[in-house]
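Dock the two chains into a complex; use the hints.
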Amino acid sequence: MQNAKPFYQRADFYTGVAAFVLIFISFANYVANGATQYNGGRLASSVIALSAVSLCLLTLALAFDVLAGFFPKTEQFAEYTRILKYAVFVLMLGSFLELIVTETNFIGNMFASVDPIDPIYKVNYFTVVIAALASCVCALVSGLLQSRAAGKTAENSEVAQ
Amino acid sequence: MKIFKKKLWETLCIVFAALMVVFIALSHAGTILGGQINEMLGLSANDTVDDGDGSQKISYEKFKTADEVEDYYRGVNLDVEGEGLVLLKNENNALPLAKGAGVSLFLSGSASPMYATHGPGANPAIEGKVNLKTALEEDAEFKVNPELYSYYEGPGASARGQDLSDPANPIFKTNEKAWSNLPAALQTSAAYAQYGDAAIVTVTRMSGEGTDVSASGSDGLDGSYLSLTAEEVSVLEAVAELKANGTFSKIVVLINSAVTVQCDFLSDERYDIDAAMWIGLPGGTGMRAVARALVGDIVPSGRLSDTFLKDNFAAPSAAYWKVNEGFSSAYANAGELGLNPTQTYFGVYVENIYVGYRYFETRYEDVVTQRANVGNYDYDDEVAYPFGYGLSYTTFSYSNFTVDPADENGDYTVSVTVTNTGNVAGKEAVQIYLQKPYTVYDETFGIEKASVELAGFAKTAVLSSGASETVTVKINREMLRSYDAEVAKTYILEAGDYYFTAAKDAHNAINNILLNKSRSGKAAVNASSMTGEGNADLAAVALSQAETDTEIFSTSSEEAAATAEGGAEIKNRLDFLDPNRYDGVENSTEGSNGEVTYVSRFNWAGTFPQEKTVLRLTENGTVKYDITSNKEIVEDEGAEAHEQGANTGLTLAMMRGLEFDDPKWEQLLDTMTEEELWNLLTDCYGYTPAVESISKPLTDEDDGPYGVSHSTKGYSSMSCEGIIASTFNIELYEKVGEAIAADARSENDSGLIMTLHGLYAPGLNIHRVAFGGRAAEYFSEDPILSGVAAMYEIRAMQAQGVVAHVKHFIFNDEESQRNGIGIWLNEQAAREIYLLPWEYALRPSRGNAHAIMTSFNRAGCIWTSGSDDLMMGILREEWGFDGYSLTDMCGSNGSLYMTRLDGFMNGTDLFLDHSAQVANSWQSSPTFQNRLRDAAHRLLYIVANYSAAMDGYSSTTRTVSKMVWWEYVINIPLIVFSVGTAASFAMFVASEIIEKRKKN
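For the record, the sequence lines run as chains A and B. The numbering used here applies: residue 1488 is where the first sequence begins, and numbers increase by one. The numbering used here applies: residue 55 is where the second sequence begins, and numbers increase by one.
Chain B extracted, bound-state conformation (with noise of 0.2 Å):
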């Protein structure tokens, strides 16, 4: 019988078994992918079912089409860069330039310039972005050289990027091309003739998440991917010279990056510069606003959110990074211990507290007021411009200062008028700075004190010629506090004066304070040495305090104690994070006696980092066990297991308005399935998956600290944080907000369509040294600037229901080997610098923000999120933190160490990965059930009360899983060839049976 032919069974067997075992592959490959694979598809894995009404909302729509949203959308963007960017020079009223004036554009960044950072910060398309020269032909006017443009639009001109060939070490690079690269004619007076009314040179370097730019084998003078290029410098000269010989009457510089360009080259006399800018990233509409401040239009109003300097390695976190040469280092003895490499790195906040303004104006006071081991500093030669700073086409004084005192809420009431002294209508960002005493008992015991802090600001009005405005900002006391990590263990109000000052800048504070410190005989004063200017009725003793107060700042505030229930013990919880504190770690540099050097005002030129720091791990057993990953579980005492998937007939919706502890929560949870448990916490690649059994939707998510970074939209990039900071205007913070998270839920042109529940935003890092590559995504040097910027920013976001996702959380400064890097510092750092302000951006009487992102990096040995003293002590129970926390992208690269064991049992709620890939035997632990419910029921308290996802829900709204049609495309073809294959085989065997037969 041909039917038995054995061949084509055999063949056909096999066939089908390697198709088969494909489809099975796929199969696999969409349980892992699944979430993503409908995301980017834009399919939906349930249905929604309502028999209700469907009327509940928890969200408002203040825009109804899409068009509304971009119109608004551009329209905040163009506001911030007017009002973010910063005029740094503008040397015999440069600017603004005559409307209509002919320029001539050098450089590649005026091309093409830095819009947003590759990465996760904003959408980095430039298509419908504004470009310089079209934002100058239509908003300002100007006549723009063609010749000279298309020189730098085209394709020789730059080549701006990374080099790769030691791929684990990309060098940034501007491949800037020198002026005898220019075409001949552009060499010569000539080309320039009807171009002549300004050179305007654009300064640009790039930056982004991976990697921090270079601060050595770059092609800066001095190494830095920072300071300028040799070829920089040639067009520059040449520019110059061209200026002198009259060709150009003026030469503008704008400086386009995230990153702290080294400004030295502003004050070079070589160089003639007349006006300089600093434009930040301007997103998608920016340069429109860029256009409008040089011919005036826009009135200049920004302020710096970061100390620009004259030297970047000036800084002692730079100063460490070159010592060190680079940030990260191995600990010396990572081989012997055979540590893999998320354990291998790390690298220490040597600067302590003084990071920017903190460290340039405290060493100031010091030289001025003759402290001993200030040793050789010259403000002048180090800052080119201060934090804070910042010109305008008008002048504005200030009068009548007063400081009101504490009120029953503890908040200081300080005023000051400020009144526009100058030709032309503007704004004044007012500054307020506080100083806190510096005692022989912050001397002995090490805490330190910086000379100013930004404690509160304002933005005027806009102000016409010779008016005035009387600007009011509260500070309250917890101001006044300081951490001392030594005796009290908790913040402490110490004895003496504090002063308030209204202040221009970082520097017009401090000399404010020192002057009436002079006047009033408290503080001898060496005027000589001092720089810049200062008016003594511009300071005043705010407190003295005639005791140091332990108690007062001991527990947590009334708004955490609330959810708290009844506050937390404030103490020291981050001993672990200090060298000199935690026994798992000791400096082996040579002379160091084991401890680490943090830089200090009681002695600066000892302290200063001069030395690499070598560390060692010791080989006990706390960093044995703090440095491993997937600890073991330590059951809490009567922990009991508890059955899943119970047939409650409770919904999410149900709980809306429910308090958080409301018993019914627990029979919620009792109402997921293991499996529906488990996927809902470890499934989250930019979403939080649906849930039949309980009907909660799926919630999508999406990165973007300055816009929406996913987005097809070309306009979907605000300016990045550190312009949006350097306004200095909370309304516009606010507008930032309501605009991204407009954004975030609007889809395409055909009308308003919910999309995302949530983003990945704000960036709230610390921009502690000028070579971070991520600096476009957080605001400032400043803990209070990033704070407040960030509160509102966040209200603004969630009031559309759009849930806030800060991050990093914490210690993510940098990106040098953040894969597990140890970062080490001490706790006054901790809080003061780098924690604070999360407590603006969570604490519920504030930003409120109900989700946080947590960090690749570890604090010391351990991975941030597997830290309960920063997960549980310090966030919820100090902070009174409402909201759920998610890891950052765990699957990617860091899931050797960020593992679901450390985050689950220390309070991390999410993860960013997808759960398929990893069993759930752990799941046998009753403690360790017991924290997938918790972190559970903090997603879906969130989601219940503030997602937009639950817009729409009601009790009656059933949500009702379905296979999509690309599970069809695989299953079905899946069953055609695992038949097949089974069928073959057995006609195979029969057919061999019956040859066999015949045979014999």
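Next comes chain A alone, as it looks inside the complex (with noise of 0.2 Å):
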């Protein structure tokens, strides 16, 4: 990984710190604010192992690529982070789709609602469901774009080889 930019002014790092960000954002709403009157009160297990794994995967991720700024011997271990990036994307999009299917019946309220449904449920439940769907997005373009950096690099080495 030589001539590789520290982490710092990478926009996959960036991006990274975004969809961390923003999982951590749909997590703990949901965690605060998923239990409803359409739900039995209960949060879908599914959603919340998805999106912590995720944090956990995200958090070595980016933990990877900070060290490997401090401490090169960490860099073969950074080469890989973009792996657990889409790992994240994965998870994050598997927990978006769980958040539709385990509230369909929140869902079809909304659209044909018999009972007025408190607006504050809309809010929070849409700021968990996009804010899973940005970070899905996040994460996969953190990967992307760290791949493709890693191949530029890898280019560049090969050139000056």
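Each hint should be verified, as a subset may be incorrect.
Label-pair restraints from in silico Cβ distances [unchecked claim]:
id, chain 1, residue 1, chain 2, residue 2, range
1, A, Thr-1614, B, Val-1023, 26 to 34 Å
2, B, Ala-1036, A, Thr-1561, 25 to 33 Å
3, A, Ile-1535, B, Asn-684, 15 to 23 Å
Below 25 Å or equal to it, Euclidean Cα-Cα: the simulated BS3-like pairs (lysine-lysine) are [unchecked claim]:
id, chain 1, residue 1, chain 2, residue 2
4, B, Lys-297, B, Lys-143
5, B, Lys-1052, A, Lys-1639
6, B, Lys-60, A, Lys-1492
7, A, Lys-1492, B, Lys-1050
8, A, Lys-1639, B, Lys-60
9, B, Lys-1053, A, Lys-1560
10, B, Lys-60, A, Lys-1560
11, A, Lys-1639, B, Lys-59
If you're looking for bench data, these hints aren't it; they were derived computationally from the structure. We put the beta carbon where it would ideally sit given N, CA and C, even for glycine.
Here it is in structure tokens:
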């Protein structure tokens, strides 16, 4: 990974951070406000698990990105953090879809409401869902940018050799 | 090697993984919603295999084709509307109008009336329905003013609907246009030159599920949705002016509403209204009946199923609504206790038993007899048209009124001769009312007695002018009972005189009794304060009870006893409903002493609702336990777990005809696997699932108190239940049940295809207040009229193998905050008003309905379905109800408190929800497992013996599950993408290793 830019100069790092923040927003909001009368007050374990694992994996990926700037020996691990980001993309895609599947009652009520729905439920729900989807996109973009940067670095290395 | 190109595999891996996740999610959705998807797509996840003759039938098919069903349905709708519409006013015989008259139709309801309510009441689609103009032109041969009709048909004339600026509190508005908004040409007399025989003004109000109609904030003159708006007044005034100048000969008002419109305007001289008719919601064909009634082809014989008021807030239930700024209020300490939204709200039925006419006629009697504390009350200022009221184009006289003593069955025989004294043929609805004695004992212990109660009724045949018919009505002595929650704590037969009277309406009934009492010297009557007519000869003492009998009604009656193995003791079971008997709640209104003030005839002036009721939950263990969901299971002594999935070879068809307690049922229950048992009870979103191990077919159900609500057929809507009730015609109640059930079983024009095996019908809550949103789905303010109508309708439905799911059990009489609202009332009101119609619907000797749907609300702090006292004690032990119970849509908006655990442990059998969302970890409890088996037993017993789904099922019939096409559409790609993900990841890893090796 010679000639690679330091993490703070790389777009993939910042999109990764953005993904982390978005996952946290989605996760925290879901845990705090997700239990409603439309889902029996039960949070979906799949959403919790997928989001929590995503947070862990992304933390690991970003940590290696940062550590690589200070400890060159860890560069060989940083080379593969994009795989973790892809995994986060897949997991958060799953989380996003589960947020829809497990909330079909609420979604049904939004479209064909029989009883008035408290608007705060809608705000919370859309915050969680949009943040999950956006985090998923950010994680994918971060992985792709990192992959492209790694490719260029490799080409540069070959040219230099 | 190009095959190991790392980038390619990396990309493919991401794409495959993403697609795999998408299909996993779809698969999950299919698991949750599979039953509903199949129902929507018309698919079956099971095949029926039969090597027998498949000839067993448990239901009859009266109709052979869908066309026959449609013809019958339309005919019944016409008959019901024709006999149910109520002629309220007919000055100088303004009606009937002459055929061929030129008429002008005013207000938006003339062009866009309400045929049925939106929501599950009936099919609200307009297609195929007969509108007012068409009906008037075709059935009355009227010439309808085309310009005026075009205006009201146009987009600018009506925007009736809800103001949703505060989504949590929608406000119903008429948005009717004022006279000044009419095109200038329509504001002149010239516009009506050829259409001046009558101005027909249609006053329309909508209502529906989920929201009560607005008592304030609306565009009605008094702020409510049910009073006239300034715009409607402007039109009525202008029409009256046109009548004054000779443009119109007559003004006729049609009231098109299931909720009771405030009728003060009908007698207001400013509007000079000649005639008025309540037409309710007429359904698909009913407008033809309206047209025929206007020209006299139908002679009105409907009688009001609710009291129509001059001021809707005059009723104590509505007065509570007014002083509390709505029906639902939050507990004073809801915030401190951290209650969730389904625990926060309450409403109190402070009116006690005085619902509808029971209040107005009782207070009237107390004015006439000059009881103390009657307060300032003028009957005529408050009541526009009493319960049971209705005019005809002819007149009837009553004579030869007799009451025979009770026979060995306890039946009194009441008879009266009805004579048509008018000039045209017509029918008469004879109503028999009862008065129980109101005694010092009652005053002392707070037992309430209405001055009159409907006890029975009958409709004559069509009587030609001068013809007579002697009508006989049997009234069981059980009707004489009163509930004493204070001393005897059961039903009692009090000492005193019990009167029966034959009357034309509730007001006429009390007048008959008052005059009879006055004549016999049993009451001092101030004749000058009487209003309306009465006849002492039409009232008689049926029973003079010497001493109060506290035993006679203290156990469940014979037929209930037969199923309840000896009969259950009838006792106080509902203390938890009454704030004055329950220690978990107190009234924190200043000066209340912690107790709720119920309306009492002992002191009308002092008990009529005048102050806000503020309830506070106490913090003791009782309330914490009661208001909390998922209560801990208390194991039954000696409860043993059952091994599910036994190979017994039994199928459901083999159980047909076996007694409920036959030991074979236990073996059948053993046959189901745990998963089948769980799914059978919890995956019931409009159906009950097929069970392969016992060859139970899927049963399909739909909503539809007065019509199949998801039907695509335009005619599939009967008149609203209020109109059905107001026919006072038992034969028509049966025909309604027959027509609705036949429609439920018929699919399309290609022939008679059995589709539905159950209907969530009829609705049986009470019109306790004018603003109740679902009035269209319920019959009446009166429990007897409601119960009798339901009873006959249910019998006819079930005869065709369509299981009636009577709803909503119980106290779901309004919609405000219905998701968990706590309803508080005393046990006498609960039993004598709200539970009574259910006795008619459910008791085996009466309606014998095989299923009920429970309600969203709580009874006090406890969800109704989670109350053992209601679900087991009253329903099954006291009444001998032999069917199953289904929740309302707990998955949609009530699942926070409508929990499996609380429901199953207390006698609820099925959940209108999807099973996959709930873990079934409770099955580890033997007691809980036994409750599940009890629930399945009740369901399977009904399906085996009464459901049309079992037609053709014999002992050799097998139900075999299969995959449906959409499952292949999901599962095949899922497998492909899963393999693709694994393979591409492996290739990526391999290419990475190779690349590394190359570098090294």
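Against the structure, the hints:
The supplied range of 26 to 34 Å is met by A/Thr-1614 and B/Val-1023, whose beta-carbon atoms lie about 32 Å from each other. Here the CB-CB span from B/Ala-1036 to A/Thr-1561 is close to 29 Å, well matched to the stated 25 to 33 Å. Checked against the hint of 15 to 23 Å, the pair A/Ile-1535 and B/Asn-684 passes, with Cβ atoms roughly 20 Å apart. A C-alpha spacing of about 18 Å is found between B/Lys-297 and B/Lys-143, which places the hinted pair at or below 25 Å, so the restraint holds.
Annotation: proposed proximity of B/Lys-1052 to A/Lys-1639 holds, straight-line Cα distance about 18 Å (limit 25 Å). With a C-alpha separation of about 23 Å, the suggested pairing of B/Lys-60 with A/Lys-1492 holds against the 25 Å cut-off. Proposed proximity of A/Lys-1492 and B/Lys-1050 is supported: the alpha carbons are some 22 Å apart, at most 25 Å. Using a Cα cut-off of 25 Å, the hinted pair A/Lys-1639 and B/Lys-60 holds, with the two alpha carbons roughly 15 Å apart.
Annotation: proposed proximity of B/Lys-1053 to A/Lys-1560 holds, straight-line Cα distance about 18 Å (limit 25 Å). Pair hint B/Lys-60 plus A/Lys-1560 holds up; C-alpha atoms about 24 Å apart against a cutoff of 25 Å. For the proposed pair A/Lys-1639 and B/Lys-59, the alpha carbon gap of about 16 Å is at most 25 Å, so the pair holds.
Checked against the numbered hints listed earlier, the structure breaks none of them; every hint is satisfied.
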